[in-house]
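The lines below spell out each chain.
There are 2 protein chains.
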Amino acid sequence: MDSGKDFGIREGEKAVDLPSKADAALYFIGRIYTPWNERKDCPKNARESEAVCVVEVDPRWHEALKDVETCTHLVLLYWMDKSPRNLVLQVPGHYGVQHGTFALRSPARPNPVAMSVVKLLRMDGNRLSVVGLDCLDGTPLLDIKPYFASTDSVPDAVVGWHKND
Amino acid sequence: MDSGKDFGIREGEKAVDLPSKADAALYFIGRIYTPWNERKDCPKNARESEAVCVVEVDPRWHEALKDVETCTHLVLLYWMDKSPRNLVLQVPGHYGVQHGTFALRSPARPNPVAMSVVKLLRMDGNRLSVVGLDCLDGTPLLDIKPYFASTDSVPDAVVGWHKND
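If you read the protein sequences in the order shown, they are chains R and S. Going by our numbering, the final residue of the first sequence carries number 201, and the count climbs one at a time with no gaps. Going by our numbering, the final residue of the second sequence carries number 201, and the count climbs one at a time with no gaps.
Rather than coming from a laboratory, the hints here were simulated on the basis of the structure. Watch out, some of these pointers could steer you wrong.
Since the list gives no way to pick out one identical chain from another, each pair is judged satisfied if it fits inside one copy or across any two copies.
[Unchecked claim] Only pairs whose alpha carbons sit at most 30 Å apart, straight line, appear in this in silico DSS-like list of lysine-lysine:
| id | residue 1 | residue 2 |
| --- | --- | --- |
| 1 | Lys80 | Lys57 |
| 2 | Lys57 | Lys199 |
| 3 | Lys102 | Lys80 |
| 4 | Lys102 | Lys57 |
| 5 | Lys102 | Lys76 |
| 6 | Lys102 | Lys50 |
| 7 | Lys102 | Lys199 |
Take these sequences, add in the hints, and give me the full structure.
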């Protein structure tokens with residue numbers, strides 16, 4: 037946790053005590069390579085950038101990529117390891133309005149697991165070239181899933197607070 | 037891990053050694069209550085069921101739900117704690133064809149974090165009634181995110197291997 041550097045608590049924000057122990061453990065299965073080395077340089081959201089990023093899967097899991105190349109889009113889960121985990125209310129800088137953590141896509145959340153839908157450009161061995169990420173260079177990868185439009189796509193979904201901002 | 041009971045290795049499946057240590061830790065932030073008590077009773081995928089499920093968030097995180105009720109759809113992340121984590125190649129029973137773990141939505145994966153897009157029916161305090169889940173009753177909750185159609189919806193995405201089956 038690095039709450040002092042990039043994530044000082046703003047007026048209107050609220051933190052809680054974290055649980056005294058963890059409940060489950062994660063393995064980093066690879067790394068994500070992006071053009072962004074500091075949080076301030078990252079796109080505000082993934083649709084703002086057409087940058088090609090590279091997802092590199094550790095050799096241990098290489099065979100698990102079989103048939104991934106047949107997918108046009110993937111769900112990536114990754115670990116926002118620079119984020120504080122104790123905020124329940126946040127005031128995002130670019131909106132300036134208080135919202136609950138679970139109404140935001142902020143990396144600051146109890147379990148800083150980010151989810152992005154990416155377009156797969158190509159797969160070379162254990163390296164995937166994708167478009168649609170906004171995370172820091174070197175971000176730890178947690179999972180790759182096929183994106184099924186039948187269950188994952190809801191074109192008419194609305195985030196009410198965002199629409200009204 | 038409970039690889040013996042529900043997930044015996046089938047012909048065509050392959051397991052690898054897991055890493056010797058974990059890289060990050062998760063907190064369970066609540067529980068998901070569904071009508072399904074055994075894996076065989078769960079819908080094959082979430083669009084098969086209109087069952088209303090209840091997501092209960094622990095009191096510690098209650099305030100983080102502010103404004104979630106303005107969302108029509110949410111992304112839920114939850115922990116498939118009954119799944120083996122060492123399979124790289126799998127032969128799903130209902131397809132009978134071998135695929136890599138990262139080309140499947142199977143709960144058996146290095147980090148068994150499931151992602152489902154759900155429709156929010158209502159929120160009463162720290163309880164959310166949702167449609168679109170297929171997990172076991174009592175499944176641990178990891179995260180709730182607002183679903184943004186602008187970044188999360190790709191209606192024309194294709195999973196090539198699935199289309200051809």
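Verification of the hints:
With identical chains, the CA atoms of Lys80 and Lys57 are never at most 30 Å apart, being 32 Å at best within one copy and 34 Å at best between copies. In this assembly of identical chains, the alpha carbons of Lys57 and Lys199 never lie at most 30 Å apart, being 38 Å within a copy and 44 Å across copies at closest. Proximity of Lys102 to Lys80 under the C-alpha cut-off of 30 Å is restricted to the inter-copy arrangement: shortest distance 22 Å between copies versus 32 Å within a copy. Only between protomers do Lys102 and Lys57 lie at most 30 Å apart by alpha-carbon distance; the minimum there is 25 Å, versus 36 Å within a single protomer.
Taking the shortest alpha-carbon separations for Lys102 and Lys76, only the inter-copy value of 26 Å comes in at or below 30 Å, while the best intra-copy value is 36 Å. Only between protomers do Lys102 and Lys50 lie at most 30 Å apart by alpha-carbon distance; the minimum there is 12 Å, versus 44 Å within a single protomer. Only between protomers do Lys102 and Lys199 lie at most 30 Å apart by alpha-carbon distance; the minimum there is 16 Å, versus 40 Å within a single protomer.
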